[in-house]
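*Asks:* Chain by chain, the residues:
2 protein chains.
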Amino acid sequence: MKLYDVEASGNCYKVRLLASLANIELQLEPVDLANNEHRKPPMADMNPLAQVPVLVDGSSVLRDSQAILVYLAGTYGGLAWWPSHAQGQAEITQWLSFTANEIQHSLCAARLVQKFAAPLDKAAALAKSPAVLLLLDEHLRNNDWLAMARPTIAECAVYPYVALAPEGDVDISPYQHVAGWMKRLETLPGSLPKP
Amino acid sequence: MKLYDVEASGNCYKVRLLASLANIELQLEPVDLANNEHRKPPMADMNPLAQVPVLVDGSSVLRDSQAILVYLAGTYGGLAWWPSHAQGQAEITQWLSFTANEIQHSLCAARLVQKFAAPLDKAAALAKSPAVLLLLDEHLRNNDWLAMARPTIAECAVYPYVALAPEGDVDISPYQHVAGWMKRLETLPGSLPKP
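Chains as they are written, first to last, in UniProt numbering: chain A, 1 to 195; chain B, 1 to 195.
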């Protein structure tokens, strides 16, 4: 099973984090973004969004880090990280959407500008970041984990760009419940340090 | 089972569309956005993002239209709209992320500005829209449906803001495979006209 991967990508880190936590073996295939490998075949055929990560498992080809988390956890992770019942799946999906939209356009976008000179509006991204972190902090005030009272793929989806946020000049230090949650995740067996 | 709903909201329409297609009974509870009902308790407690829709089913409270689709289809829709196996769930999740991110910040954002005077960048939203529609069109050139070769909640998640895109001055007429897919969806039993 092959993961087309970029070490510094938070979206790729989401998948590597789950694989490490759930003991799923992945063959990493580095993608050369600087030479636009993601915009050329075969990468561009596998993902017309021209993004990493892409997972290839036999005849199955998947783009989108959230979709890959669902696939890996549901296929190889037992029921620990992605449950079989719709109530739990929906609880988790709330956070998959939150990372695809709110986190992507705040914490992640600020880092993309700062670290990779992406042509995005860093001021707008920074302006959205406190509300995102505050919502997380309020949720984690009363919950040890994002969904289902236990670590799930919601953690793998949300943690990476929170942990990497300081690289985009976002100050996460005021959010003590977020800090506690990060510490809990970082001390789970198999947790993987951020890139 | 109660859906906190705004008639003109494409995100609420996603849920109403699934309910209609899958014959799931919902009690609609209109939310008065003009009077900021979504920013005050009890709505703000149910969804700290201060958005509709919100679904309440017994003790279960869910925000986020994608999460609500997963819950309703998985709990009340049999296996027709949301399968039990991770491969199908992941195929669909690719499109749930696509609507939460790419469609939200293009087709949806342009309409929010045009129709509701939302403080967003309409020019930026319009600039992103052709790539979103082209990706859909290319996918639908070789596929009748978005995932699993049959209608699923991917359709409920993606169709609404495509169908409503002309309200944001986005021209969808060049995309003939998208048009064919829309027609197929609109002629399914129980399909619900756009608001």
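There could be a bad hint or two in this list.
Which copy is meant is left open, so a pair is good if it fits within one copy or across any two.
[Claimed, not checked] Dumping the calculated DSSO-like pairs for lysine-lysine here, alpha-carbon to alpha-carbon at most 27 angstroms:
hint, residue 1, residue 2
1, K115, K128
2, K128, K2
3, K183, K2
4, K128, K40
5, K122, K2
6, K40, K183
7, K194, K183
8, K115, K40
Derived from the structure by calculation, the hints contain no laboratory data.
*Asks:* Against this structure, judge whether each hint is valid.
*Replies:* Status of each hint after checking the structure:
For a Cα distance limit of 27 angstroms, the shortest separation of K115 from K128 qualifies both inside one copy, at 18 angstroms, and across copies, at 23 angstroms. For the identical chains of this complex, K128 and K2 are neighbours neither inside a copy (35 angstroms) nor across copies (31 angstroms), given an alpha-carbon limit of 27 angstroms. Taking the closest pair of Cα atoms, K183 and K2 never come within 27 angstroms of each other, the shortest separation being 30 angstroms inside a single copy and 37 angstroms across copies. In this assembly of identical chains, the alpha carbons of K128 and K40 lie at most 27 angstroms apart only when taken from different copies (21 angstroms versus 33 angstroms within one copy).
In the homo-oligomer, the alpha carbons of K122 and K2 never lie at most 27 angstroms apart, since the shortest distance is 33 angstroms inside one protomer and 39 angstroms across protomers. In this homomeric assembly, K40 and K183 never come within 27 angstroms of each other (Cα to Cα): the closest approach is 39 angstroms inside a single copy and 33 angstroms across copies. For the homomeric pair K194 and K183, the shortest alpha-carbon distance inside one copy (13 angstroms) is at most 27 angstroms, but the shortest distance between copies (46 angstroms) is not. Only within a single protomer do K115 and K40 lie at most 27 angstroms apart by alpha-carbon distance; the minimum there is 24 angstroms, versus 38 angstroms between protomers.
Comparing the model with each earlier hint shows violations of hints 2, 3, 5 and 6; every other hint is respected.
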